[in-house]
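Each protein sequence line maps, in turn, to chains H and Y.
Counting along the first sequence from 1, when you hit position 60 you're at 60 in the numbering used here, and nothing is skipped either side.
Counting along the second sequence from 1, when you hit position 63 you're at 176 in the numbering used here, and nothing is skipped either side.
Rather than coming from a laboratory, the hints here were simulated on the basis of the structure.
Every residue gets a Cβ at the ideal spot worked out from N, C-alpha and C, and that includes glycine.
Any given hint could be a false lead.
Restraint ranges, calculated between C-beta atoms of paired labels, are given here [what the hints assert, rightly or not]:
id: 1; chain 1: Y; residue 1: Leu213; chain 2: H; residue 2: His76; range: 19 to 25 Å
id: 2; chain 1: Y; residue 1: Val125; chain 2: H; residue 2: Ala68; range: 30 to 36 Å
id: 3; chain 1: H; residue 1: Thr70; chain 2: Y; residue 2: Gly129; range: 18 to 24 Å
id: 4; chain 1: H; residue 1: Gln22; chain 2: Y; residue 2: Pro196; range: 30 to 36 Å
id: 5; chain 1: Y; residue 1: Gly166; chain 2: H; residue 2: Phe52; range: 32 to 38 Å
id: 6; chain 1: H; residue 1: Ile12; chain 2: Y; residue 2: Leu227; range: 16 to 22 Å
id: 7; chain 1: H; residue 1: Ile13; chain 2: Y; residue 2: Asn141; range: 38 to 44 Å
id: 8; chain 1: Y; residue 1: Thr199; chain 2: H; residue 2: Val45; range: 23 to 29 Å
id: 9; chain 1: Y; residue 1: Ser197; chain 2: H; residue 2: Ile13; range: 44 to 50 Å
Computed footprint of chain H on chain Y; a stretch qualifies when at least three of its residues, placed anywhere within it, have a C-beta under 8 Å from a C-beta of chain H [stated by the list, open to error]:
id: 10; segment: 145-156
id: 11; segment: 213-224
Partial list, derived from the structure: chain Y residues whose beta carbon lies under 10 Å from chain H [unchecked claim]:
id: 12; residue: Val117
id: 13; residue: Gln119
id: 14; residue: Gly176
id: 15; residue: Tyr177
id: 16; residue: Cys204
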Amino acid sequence: KNQVEQSPQSLIILEGKNCTLQCNYTVSPFSNLRWYKQDTGRGPVSLTIMTFSENTKSNGRYTATLDADTKQSSLHITASQLSDSASYICVVSASLSTNQFYFGTGTSLTVIP
Amino acid sequence: NAGVTQTPKFRVLKTGQSMTLLCAQDMNHEYMYWYRQDPGMGLRLIHYSVGEGTTAKGEVPDGYNVSRLKKQNFLLGLESAAPSQTSVYFCASSLGRGGLDTQYFGPGTRLTVL
């Protein structure tokens, strides 16, 4: 069964600290993996998209890694800010179809001063 | 550019009532999608469209209908609302180049069915 699992479910960190969010997937065949940020009451916003051949992709203070062999990805946030408080969603796209996306349930991150 | 907009932002319906959710995009995107987001679950695809005049079923299409008469608009209809359709509905669009398209999401519509 194609699934995307994220951990932890929620996380609280102090402003300025780093954190890492995890995503494990069983989607096959694999096309690409995406990380989205979803602020409360808003739609998801794309952070990164990685294909099978990419190990790392950065977007400012956000760095995503992908290990296609172990089917794991992580999102590392450096020097967290209060505005990083949001839900972070991992999405895996299956090959041969542009419309088959598998969404994780997200990690809720709270950054406190 | 306004991006992807959704109308209305909030709605409360009684069981059996009907309504239409409107999604509009001004980015000339070919693909448009309707998702629902429920607590503890990932977004689930209801219906999608790969171009004007086309629609297709997603993962959870029952109880919903869609239409894409104009490229910039994608409508989601509930003919006879049920409490199980209480959810937050998101519309998204993408260029339509293929599997690496970035999806742009609207702000969502929070629907409650009593």
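Verification of the hints:
1. One distance hint, 19 to 25 Å for the beta-carbon pair Leu213 (chain Y) and His76 (chain H), holds here, with the actual separation near 22 Å.
2. Val125 (chain Y) and Ala68 (chain H) have their C-beta atoms about 45 Å apart, which leaves the hinted 30 to 36 Å range violated.
3. Separated by about 49 Å at the C-beta atoms, Thr70 (chain H) and Gly129 (chain Y) break the suggested range of 18 to 24 Å.
4. Taking 30 to 36 Å as the suggested C-beta distance range, the pair Gln22 (chain H) and Pro196 (chain Y) conforms, at roughly 34 Å.
5. With their beta carbons about 34 Å apart, Gly166 (chain Y) and Phe52 (chain H) fall inside the hinted range of 32 to 38 Å.
6. Distance hint for Ile12 (chain H) and Leu227 (chain Y): a CB-CB separation of about 35 Å, inconsistent with the stated range 16 to 22 Å.
7. Between Ile13 (chain H) and Asn141 (chain Y) the Cβ separation comes to about 40 Å, which falls inside the hinted range of 38 to 44 Å.
8. Checked against the hint of 23 to 29 Å, the pair Thr199 (chain Y) and Val45 (chain H) passes, with Cβ atoms roughly 25 Å apart.
9. Range check, Ser197 (chain Y) to Ile13 (chain H): about 36 Å between beta-carbon atoms, so the 44 to 50 Å window is missed.
10. By the rule of at least three residues with a Cβ nearer than 8 Å to a Cβ of chain H, the coverage given for the segment 145-156 of chain Y holds, with 5 such residues.
11. For the segment 213-224 of chain Y, the stated coverage by chain H holds: 9 residues have a C-beta nearer than 8 Å to a C-beta of that chain, and at least 3 were required.
12. Taken as an interface hint, Val117 (chain Y) checks out: its beta carbon lies about 7 Å from the nearest beta carbon of chain H, inside 10 Å.
13. This hint holds: Gln119 (chain Y) has a C-beta 8 Å from the nearest C-beta of chain H, less than the 10 Å allowed.
14. For Gly176 (chain Y), the interface hint is violated, since its Cβ never comes within 10 Å of a Cβ in chain H; the closest pair sits about 20 Å apart.
15. A cut of 10 Å between beta carbons decides the hint on Tyr177 (chain Y): the least distance to chain H is about 16 Å, and the hint is violated.
16. For the restraint placing Cys204 (chain Y) at the interface with chain H, the shortest Cβ-Cβ distance is roughly 8 Å, inside the 10 Å limit, so the hint holds.
Going through the hint list in order, the structure does not satisfy hints 2, 3, 6, 9, 14 and 15.
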